[in-house]
Amino acid sequence: MKAAVVLAHPNSDSFAHELARRAHAGLLAAGHEAELVDLHAIGFRAAMSPEERAAYHGASPVLDPIVDGQIDLVTSVDTIVFVYPTWWSGLPAILKGWLERVMVPGVGFRFDEKSGKVRPGLTNVRRIVGISTYGSPRWYVRLVNDNGRRTLMRALRLSCGLRASRRWIAMYALDTTSRNQRQEFAAHVERSMSELR
Amino acid sequence: MTSGPRRVLVVFCHPLPDSFVAEAHRRALAGLATTDAEVRSTDLYAEGFRPEFSAAEHRTHLEPGVGDDIASHADDLTWCDTMVLVYPTWWSGQPAMMKGWIDRVWASGVAWDLPDGANRLRPQLHDIRRIVAVTTHGSSKLVNSLQGEGGKRTLSRSLRAMCSRRTRTTWIALYGIDTCSDARRVEFLERVESEIASLAR
Chain A
0 MKAAVVLAHP NSDSFAHELA RRAHAGLLAA GHEAELVDLH AIGFRAAMSP EERAAYHGAS
60 PVLDPIVDGQ IDLVTSVDTI VFVYPTWWSG LPAILKGWLE RVMVPGVGFR FDEKSGKVRP
120 GLTNVRRIVG ISTYGSPRWY VRLVNDNGRR TLMRALRLSC GLRASRRWIA MYALDTTSRN
180 QRQEFAAHVE RSMSELR
Chain B
0 MTSGPRRVLV VFCHPLPDSF VAEAHRRALA GLATTDAEVR STDLYAEGFR PEFSAAEHRT
60 HLEPGVGDDI ASHADDLTWC DTMVLVYPTW WSGQPAMMKG WIDRVWASGV AWDLPDGANR
120 LRPQLHDIRR IVAVTTHGSS KLVNSLQGEG GKRTLSRSLR AMCSRRTRTT WIALYGIDTC
180 SDARRVEFLE RVESEIASLA R
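The listed protein sequences correspond, in order, to chains A and B.
The opening residue of the first sequence carries number 0 in numbering that gives the first Met the number 0; numbering runs sequentially from there.
The opening residue of the second sequence carries number 0 in numbering that gives the first Met the number 0; numbering runs sequentially from there.
If you are wondering where the hints come from, they were derived from the structure by calculation, not from laboratory data.
Here the structure is a predicted model, which is why all the values come from computation and not from measurement.
C-beta atoms are modelled at their ideal positions from N, C-alpha and C, and glycine is treated no differently.
Any given hint might turn out to be false.
[As the list claims (entries may be wrong)] Here are some, though not all, of the chain B residues that point toward chain A, as calculated from beta-carbon distances under 8 Å: (1) Pro14; (2) Trp89; (3) Ser91; (4) Pro94; (5) Asp102; (6) Asn118; (7) Arg156; (8) Ala160.
[As the list claims (entries may be wrong)] Stretches of chain B that chain A covers, calculated by requiring three or more beta carbons in the stretch to come under 8 Å of a beta carbon on chain A: (9) 53-60; (10) 103-117; (11) 137-151.
[Claimed, not checked] To list a few chain A residues with every Cβ distance to chain B over 10 Å, as calculated: (12) Met47; (13) Asp77; (14) Leu161; (15) Arg166.
Use the sequences and the hints to build the structure in full.
Below, the structure is given as structure tokens:
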């Protein structure tokens, strides 16, 4: 198995970074190939540029070598693991921008020539894993709608095809958890990733 | 309740000035110009807004206030009683550029505070009475419903929760723009202009 771990958090001493390292370690311990991508560290730009938008529906929508590198990665793996904090019930801007700029036509999806409808483009990916932390308790997340989770587990999954499996691992009410609870959760993340087959 | 003319903040997000969404933005401003509303207008791409949350911002994100570079955005947000967001829906939500405006500007001491030991934010934007979205979707209403209308709920639930209990949301959306007729596009632009004008009166 080959996996990409995509991490979206600006602080290298954050809990999200620890979770990404543990997820990566779990995958390696199980003998999988795994690459950890820290979007802030590689200088990934969140916003689609005017030039990229103008080129979006053309033959060459990719204008940034960093985006090219991400496309090489996601088209060569069978598992993508996202690690990020949920902000305003959604993806941090840098991860939302990763979807917009990496999952372009021809990569994330393609338009069917006859019907013009959207078809899956990332059929090499057979599993999507989301690992996220929330400031709010679980009941509140449900009430306001778990938008980031839905974006990855529904919209992105359509890019991979309906055979792709989904796994969601979440910690709620982060700010009021104890150090022990966070350590247990990090261990749970590592163990879960080492058990992926 | 505030009296006097409406104070309307318009936040526009699209990379291309010749796009359909940019035209909808111009029509929204034209509608506002027919009212006595005070208008502040922000074009995130034109001003080169940085959407990425920085490491320094994250380290201090529980402390009240924002950095000097986005102080005017925070001031706009606390000033307005009506907020109009104009953007294309991408991947079932606000574009990264606008999500970054939310991540960074809806900050502690501006949109909320977090009392000691609490795990829920306490709202601070009591003056905002209406949140309006003007947006386009490539896919149909059915597909958007199946995907959960995430962008709509971000506004009507997550952001609205930082405003007043009486804050209402208005959703002005064109679905299936990739395949819709010119007539429907024209009709939508007219709806944007007239509906925004009537909300600001």
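Checked hints:
For the restraint placing Pro14/B at the interface with chain A, the shortest Cβ-Cβ distance is roughly 4 Å, inside the 8 Å limit, so the hint holds. About 5 Å separates the beta-carbon of Trp89/B from the nearest beta-carbon of chain A, less than 8 Å, and the hint is met. The interface hint given for Ser91/B is met, as the beta carbon of that residue sits about 5 Å from the closest beta carbon of chain A, less than 8 Å. Against a cut-off of 8 Å between C-beta atoms, the interface hint on Pro94/B holds, since the closest Cβ of chain A lies about 7 Å away.
Residue-level restraint check for Asp102/B holds (minimum Cβ-Cβ distance to chain A is 5 Å; threshold 8 Å). Below 8 Å, beta-carbon pairs count as interface contacts, and Asn118/B has one with chain A at about 4 Å; its hint therefore holds. Given hint, Arg156/B at the interface with chain A, holds; its Cβ is 4 Å from that chain's nearest Cβ, closer than 8 Å. The beta carbon of Ala160/B comes within 7 Å of a beta carbon in chain A, closer than 8 Å, and the hint placing it at the interface holds.
Coverage of the region 53-60 of chain B by chain A holds [criterion: at least 3 residues with CB-CB distance below 8 Å; count 5]. Under a criterion of three residues with beta carbons nearer than 8 Å to beta carbons of chain A, the stated coverage of the region 103-117 of chain B is upheld, 4 such residues being counted. Proximity of the region 137-151 of chain B to chain A, defined as three or more residues with a beta carbon under 8 Å from a beta carbon of that chain, is established by the 6 residues found. With a least CB separation of 6 Å from chain B, Met47/A falls inside the 10 Å interface cut-off, contrary to its annotation.
No beta-carbon of chain B comes within 10 Å of the beta-carbon of Asp77/A; the shortest separation is about 22 Å. Non-interface status of Leu161/A relative to chain B is upheld: no Cβ of that chain comes within 10 Å, the nearest being about 12 Å off. Against chain B, the non-interface label of Arg166/A holds: every CB pair exceeds 10 Å, the least being about 19 Å.
In the structure shown, a violation is registered for the earlier hint numbered 12 alone.
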